[in-house]
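Asks: Dock chain D against the given chain F, drawing on the hints supplied.
Protein chains in written order, with the UniProt record's numbering: chain F, 1 to 286; chain D, 1 to 402.
Hints were generated in silico from the structure; no laboratory data involved.
Careful: at least some of the hints might be erroneous.
Unchecked claim - Here are some chain F residues the structure puts well away from chain D; computed CB gaps all over 10 Å:
#1 28
#2 39
#3 66
#4 67
#5 104
#6 156
#7 161
#8 171
#9 215
#10 233
Claimed, not checked - Each computed DSSO-like pair below joins lysine-lysine, with the alpha-carbon atoms no more than 30 Å apart:
#11 F:101 / F:114
#12 F:19 / F:40
#13 D:336 / F:219
#14 D:197 / F:66
Keep in mind it's a predicted model, so treat the numbers as computed, not measured.
Heads up, the beta-carbon is just placed ideally off N, CA and C, and yes, glycines get one too.
The chain contents come next:
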Amino acid sequence: MNAGGSYENTKAFLIDTTKCTGCRGCQVACKQWNQLEGEKTHFFSGEGYQNPPQMSEYTFTRVKFKDYKKNGQNEFAFYKEMCMHCNEPACASVCPVGALKKTAEGPVVYEADKCIGCRFCMMACPFGVPKYEWSKAFPLVRKCTGCYSRIKNGLHPACATACPTAITYGTRAEMIKEAENRIKNRPQRYYPKIYGQHEAGGTGVLYLTHQPLDELGFKPVTSRPLPSYTWQALRMVPGIFLTVGGSLSALSWFTHRKERIKREEEMLGKGRSPEAEAHEDREERP
Amino acid sequence: MTAAKIIINEIKGYHRFLQAMIVLVGLGVLASAVRFIFGLGATTHLNDTYPWGLWISFDVVTAVPLAAGAFTIGVVAHVFHIKKLEPLVRPAIITGFLGYSLVCIGLLLDLGQPQRGWHTLVYWNLHSPMFEVSMCVMAYTTVLTLEFLHPVCERFGWHVPLRLLRNLEVPFAVLAASISSLHQSSLGTFFLIAVDKLHNLWYNPLLPLLFILSAIFTGLSIIIFEATLVHRYLRQPDETELLQTLTKIIPWFLGLYLVVKLYALAYLSHGPRFDRPGLTALFLLEMVGGVVVPMVIFSLKRTRTDSSLQLRAATLVLAGLILNRFNVSMFGMIQKNQEIYFPSVIESLVTLGIIAAHILFFVLISKYFPVFEHHPETVDYAIPDRFHKIEGSEEGDKTVKA
Chain F
1 MNAGGSYENT KAFLIDTTKC TGCRGCQVAC KQWNQLEGEK THFFSGEGYQ
51 NPPQMSEYTF TRVKFKDYKK NGQNEFAFYK EMCMHCNEPA CASVCPVGAL
101 KKTAEGPVVY EADKCIGCRF CMMACPFGVP KYEWSKAFPL VRKCTGCYSR
151 IKNGLHPACA TACPTAITYG TRAEMIKEAE NRIKNRPQRY YPKIYGQHEA
201 GGTGVLYLTH QPLDELGFKP VTSRPLPSYT WQALRMVPGI FLTVGGSLSA
251 LSWFTHRKER IKREEEMLGK GRSPEAEAHE DREERP
Chain D
1 MTAAKIIINE IKGYHRFLQA MIVLVGLGVL ASAVRFIFGL GATTHLNDTY
51 PWGLWISFDV VTAVPLAAGA FTIGVVAHVF HIKKLEPLVR PAIITGFLGY
101 SLVCIGLLLD LGQPQRGWHT LVYWNLHSPM FEVSMCVMAY TTVLTLEFLH
151 PVCERFGWHV PLRLLRNLEV PFAVLAASIS SLHQSSLGTF FLIAVDKLHN
201 LWYNPLLPLL FILSAIFTGL SIIIFEATLV HRYLRQPDET ELLQTLTKII
251 PWFLGLYLVV KLYALAYLSH GPRFDRPGLT ALFLLEMVGG VVVPMVIFSL
301 KRTRTDSSLQ LRAATLVLAG LILNRFNVSM FGMIQKNQEI YFPSVIESLV
351 TLGIIAAHIL FFVLISKYFP VFEHHPETVD YAIPDRFHKI EGSEEGDKTV
401 KA
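Next up, chain F with everything else stripped away, as it sits in the complex (with noise of 0.2 Å):
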């Protein structure tokens, strides 16, 4: 992690739902892409038309769709789910053996040889991204890797290359502007609120939305960075352990004193007085 850095120039996706039509491109992409096993799935398994029902070890993005009613018409609003790639991520910081990194680049990813499967990141993750493999005996952790391996030769992620309307792809600081542009240009088009930009300490996906974020069922999350929550904590782990161990130390040579002291007497004494040494002649030696 790199605490207090900025990251103004970390890759970031800005995905309008105002322009998105629900093709689903980009999950087929991110499928291919990842060489991602099809799911067996049902209509209406989940929560209204989206499909599959939630992601998985097989789904690392998808979209949602949202009925609304928009002047007594049925409307759909979709938005794309995926890893949000935290600029300061919780299941980095939880991570033991720190399997999930913060790249330079942007994206979060994961170094499947380290996991040890303890599932921390799951519990930690404020958007619900890491899946697990339950279908296995030794599962281990998947999720959207950011397309790491296409930005580190200069391409752009799958799903970002594959859909036709909403993703732009950018520095986080050029997708802000962008978005900040776009809400002032057309204020009855979009919820003046740009999600992502400071939910858990600032994301690497950006939304723009034309409903109320809520409405839409995106997740109030905390502005303060999460790794900062466990650290203000952690941090006093070393003076604990000093102040506990060194207090209880002094306290033992204290109560321990009148023995030792006692003890020191008795060793004494044994080498000047008879009576001492009569004292003690069960100690005597041979």
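Replies: Quick look at chain D alone, frame taken from chain F:
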């Protein structure tokens, strides 16, 4: 063959309760084998909504404070040097040693890649509470194993290591307390990352402090619990008089816990606290039944001498602690309209097996090793001057420690 026969004959002589425990442990071992063959997904009710279930909530988050007896009594008896409590120390160390060993086993069962458990030793992440806890648990299990060697060495008459171990008794007590205060509290730090997930009744920045405080009073209570049961069912001497000292300490920690808890709830939690009746009921049950009532009972003068009152209050504390850890790690995490997790048969059998193993091994160790015979009146605590067998000395006050 004959060795097997001897063992079978020995087991046939055990009490029926112990034989039942052996069966439960056997079932637990079988269930663990099934878990490894078919995988977590097929054998547990864990899923992406509930990545942690019974094994983390009980076998780790609850079992660690339940094993806190060893370090708390170590501090009281060795650091504060209240020598008369010496008879309570050794059984507590056995409980702690078994508890932590079983925590390690429970943790390995829950890991998706248990064969990589050693990775925590190599790939450090200082920002992870899980890293902190696993390092501490490994360190403390080592300390407890060394402390457990005490009765083993006595049993087999190994006097050179015994001499060393006796020299290290006090340093070990200090080390145990320092390591414990770290990982007992870090278990609370686990849930500080669950911002907006854990309900406001339990989520507050003082969670680590609350976890260590509750571990301390739980550790002291489990000693009362264990000593009373051992007196009743294993025909060991009645320790009510010694336990009296503990009943005087516990209410202070319960009170301190209550104050910190109420302060955190009033001033440090954000958002609605009493919006969900189910959670409010669990919270009240935990706080009233597990903290307030036992605090009152422990404060009564009658409790000082009444062994069954001591047992009742200690049991309430333990039940309250168990409920608290489940509230934090499971019930409080359930969001509105979320499916409810219920452990599978395999998960339940494994956890039952772990509890049974604890009881079984405790009884067996106390059967074959000098655990309760270790009374200061009959045993010389002095470091042996010569590497000979220590004979019982005539004077209790000859006690000398490094």
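Asks: Now, for every hint given, state plainly whether the structure supports it.
Replies: Going through the hints against the structure:
1. Taking the minimum C-beta to C-beta distance to chain D, about 22 Å, the non-interface status of residue 28 of chain F holds against the 10 Å cut.
2. Separation of residue 39 of chain F from chain D is adequate, the least Cβ-Cβ distance of about 13 Å exceeding the 10 Å criterion.
3. Residue-level check passed: residue 66 of chain F sits 16 Å from the nearest beta carbon of chain D, beyond 10 Å.
4. With a least CB separation of 18 Å from chain D, residue 67 of chain F remains clear of the 10 Å interface cut-off, as annotated.
5. Distance check for residue 104 of chain F against chain D: the nearest CB is about 18 Å away, which clears 10 Å, and the non-interface claim stands.
6. With a least CB separation of 28 Å from chain D, residue 156 of chain F remains clear of the 10 Å interface cut-off, as annotated.
7. No Cβ of chain D comes within 10 Å of the Cβ of residue 161 of chain F; the nearest lies about 27 Å off, and the non-interface call holds.
8. Interface exclusion of residue 171 of chain F from chain D stands, the closest Cβ pair being 26 Å apart, more than 10 Å.
9. With a least beta-carbon separation of about 16 Å from chain D, residue 215 of chain F lies farther than 10 Å from that chain, consistent with its non-interface assignment.
10. Not every CB of chain D is more than 10 Å from the CB of residue 233 of chain F (nearest about 5 Å), against its label as outside the interface.
11. With a CA separation close to 12 Å, the supplied pair residue 101 of chain F and residue 114 of chain F stays within the 30 Å bound.
12. With a C-alpha separation of about 29 Å, the suggested pairing of residue 19 of chain F with residue 40 of chain F holds against the 30 Å cut-off.
13. The suggested pairing of residue 336 of chain D with residue 219 of chain F holds, with an alpha-carbon distance near 13 Å, which does not exceed 30 Å.
14. Under the criterion of a C-alpha separation no larger than 30 Å, the hint pairing residue 197 of chain D with residue 66 of chain F is consistent with the structure, at around 23 Å.
Hint compliance for this structure: hint 10 alone is broken.
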